[in-house]
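Colleague: Letter by letter, the chains look like this.
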Amino acid sequence: MKTFRLFIALLLCAPVIGCTAQPSAKQEKASENNSDKIEAYYFHFTARCTTCRTIEARAKENLESLYPNQFKQGLMTFQSLNLEEAPNKNLADKLGVSGQTLLIVKGNEKINLTNEGFMYAVVKPEKFKEIINEKVDGLLAR
Amino acid sequence: MVYWPDNRMEFLTNLLENSTMPWLTALLLGLMTAISPCPLATNITAIGFISKDIENRNRVFLNGLFYTLGRAITYTGLALIIFLGVDQLKFSGFFQQYGEKFIGPLLLIIGLMMLDVIKIKFPGFSRLTSGMQNKQRWTYFDAVLLGLVFALAFCPYSGVLYFGMLVPMTVTSASGLYLPLVFAIATGIPVIIIAWLLAYTVSGVGNVYKKMKTFELWFRRVIAVLFIAVGIYYIIRVYF
Chain D
13 MKTFRLFIAL
23 LLCAPVIGCT
33 AQPSAKQEKA
43 SENNSDKIEA
53 YYFHFTARCT
63 TCRTIEARAK
73 ENLESLYPNQ
83 FKQGLMTFQS
93 LNLEEAPNKN
103 LADKLGVSGQ
113 TLLIVKGNEK
123 INLTNEGFMY
133 AVVKPEKFKE
143 IINEKVDGLL
153 AR
Chain A
2 MVYWPDNRME
12 FLTNLLENST
22 MPWLTALLLG
32 LMTAISPCPL
42 ATNITAIGFI
52 SKDIENRNRV
62 FLNGLFYTLG
72 RAITYTGLAL
82 IIFLGVDQLK
92 FSGFFQQYGE
102 KFIGPLLLII
112 GLMMLDVIKI
122 KFPGFSRLTS
132 GMQNKQRWTY
142 FDAVLLGLVF
152 ALAFCPYSGV
162 LYFGMLVPMT
172 VTSASGLYLP
182 LVFAIATGIP
192 VIIIAWLLAY
202 TVSGVGNVYK
212 KMKTFELWFR
222 RVIAVLFIAV
232 GIYYIIRVYF
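Protein sequence lines, in the order shown, are assigned to chains D and A. Under the working numbering, think of the first position of the first sequence as 13, with each following residue one higher. Under the working numbering, think of the first position of the second sequence as 2, with each following residue one higher.
There's no promise every hint is true.
Unchecked claim - List of simulated lysine to aspartate or glutamate pairs, EDC-like, C-alpha gap at most 16 Å:
| hint | chain 1 | residue 1 | chain 2 | residue 2 |
| --- | --- | --- | --- | --- |
| 1 | D | K72 | D | E121 |
| 2 | D | K141 | D | E68 |
| 3 | D | K136 | A | E11 |
| 4 | A | K102 | D | E138 |
| 5 | D | K49 | D | E68 |
| 6 | D | K106 | D | E121 |
| 7 | D | K72 | D | E142 |
| 8 | D | K136 | A | E18 |
| 9 | D | K106 | D | E68 |
| 10 | D | K141 | D | D48 |
| 11 | D | K147 | D | E121 |
| 12 | D | K136 | D | E73 |
| 13 | D | K139 | D | D48 |
| 14 | A | K91 | D | D105 |
| 15 | D | K139 | A | D54 |
| 16 | D | K139 | A | E11 |
| 17 | D | K122 | D | D149 |
| 18 | D | K136 | D | D48 |
| 19 | D | K122 | D | D48 |
| 20 | D | K141 | D | E96 |
| 21 | A | K91 | D | E68 |
Since the hints were derived computationally from the structure, they do not count as laboratory data.
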């Protein structure tokens, strides 16, 4: 429940942060100072559902439209990986993933956006985008 | 693909966002699981099974309650196992991966047994499968068993709702262990309501059915075919 409250608190703060953070300026600064790559992963099993595919598509779409420069320079990647394929399983173990997960990784930092994806990607895509923007900006700023 | 109207989900999502009470969150997660397209196929089968005693409305309602009890046992049991310290990651990964895989073949086998195409005796399901010929009634125990098994059939969506959202809420303290029960009731409510409405409508049509001794037999055959159809649907979905 604690995480849930935190999550709700974050949601309430989201618009405020969105207004003050000036994401584009921050992005540039971050990519200059920090060469660490941001890797986004969508882990899934062979059998998939409509919602799951939507989450993957929207996450990819949002990242690419929010951070086109990072993608162009190869500083950000998005990969969709099947957990039932052996090589992906090793990576999943390393990242501590065992089920369907939307994960954004930078160095040792990991942000799990699975729950947010399942709650918002289909019914409130604009909110999903906001959350992704906020979280990735946070990672870039570090 | 089944497409569920977004506004209903949006309504539940809005409620969920504003929920500060754990029991309400569990209830909403359960409802979202129940109406999502993903577990719809098992729900339809469950409705068929629950309303098999179609001539008796009260029995249909009780069947629904026992079916929900079965679901509650599974959801609480899994949360308890995680609470007691099993590796949550591996455990939930296992169910997310295999939950859907066993349900198709199982439904197919039960359906075929109900039609007496194949005869295997396995404990618990003996009455369920012999019910056709012997005119023996299926018991409430069968309904519990069905709920128990269906709850294990996690599909990608319900897997995340349960393991990703409900379980973390539940296992933070022992006092949270009532939450899976609320979740189970919420997943069972739509099934109970629809089954009961079905029974209410059919029994309202008239006593003519009661005179037809074959009606019940045929109704059960329809349910058997339903089990087979849904079983095949899952097999195709998961294996092909």
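Colleague: A separate judgement is required for each hint: does it hold in the structure or not?
Modeller: Quick rundown of the hints versus the structure:
Using a Cα cut-off of 16 Å, the hinted pair D/K72 and D/E121 is violated, with the two alpha carbons roughly 19 Å apart. Under the criterion of a C-alpha separation no larger than 16 Å, the hint pairing D/K141 with D/E68 is consistent with the structure, at around 12 Å. Among the hinted pairs, D/K136 with A/E11 is consistent with the structure: their alpha-carbon atoms are about 7 Å apart, no more than 16 Å. Proposed proximity of A/K102 and D/E138 is contradicted: the alpha carbons are some 34 Å apart, above 16 Å.
Under the criterion of a C-alpha separation no larger than 16 Å, the hint pairing D/K49 with D/E68 is inconsistent with the structure, at around 20 Å. About 13 Å separates the Cα atoms of D/K106 and D/E121, which keeps this hinted pair within 16 Å; it holds. Only pairs whose Cα atoms come within 16 Å are accepted, and D/K72 paired with D/E142 is accepted, the gap being roughly 14 Å. Between D/K136 and A/E18 the CA atoms are separated by roughly 12 Å; this keeps the pair inside 16 Å, and the hint holds.
For the hint linking D/K106 to D/E68, the alpha-carbon distance of about 21 Å lies beyond 16 Å, and the restraint is violated. Between D/K141 and D/D48, the direct Cα distance comes to roughly 22 Å. Violation of the 16 Å bound is thereby established for this hinted pair. Restraint check for D/K147 and D/E121: satisfied, since their Cα atoms lie roughly 11 Å apart, inside the 16 Å limit. Pair hint D/K136 plus D/E73 holds up; C-alpha atoms about 15 Å apart against a cutoff of 16 Å.
Restraint check for D/K139 and D/D48: not satisfied, since their Cα atoms lie roughly 27 Å apart, outside the 16 Å limit. Of the pairs offered as hints, the one joining A/K91 and D/D105 holds, with about 10 Å between alpha carbons and a cut-off of 16 Å not exceeded. Distance hint between D/K139 and A/D54 is unfulfilled; the C-alpha atoms sit about 46 Å from each other, more than 16 Å. With a CA separation close to 12 Å, the supplied pair D/K139 and A/E11 stays within the 16 Å bound.
The suggested pairing of D/K122 with D/D149 holds, with an alpha-carbon distance near 13 Å, which does not exceed 16 Å. Restraint check: the Cα-Cα separation between D/K136 and D/D48 comes to about 31 Å, which exceeds 16 Å; the hinted pair is violated. Taking the CA atoms of D/K122 and D/D48, the gap is near 13 Å; set against the 16 Å cutoff, the hint holds. Annotation: proposed proximity of D/K141 to D/E96 is violated, straight-line Cα distance about 28 Å (limit 16 Å).
Pair hint A/K91 plus D/E68 does not hold up; C-alpha atoms about 23 Å apart against a cutoff of 16 Å.
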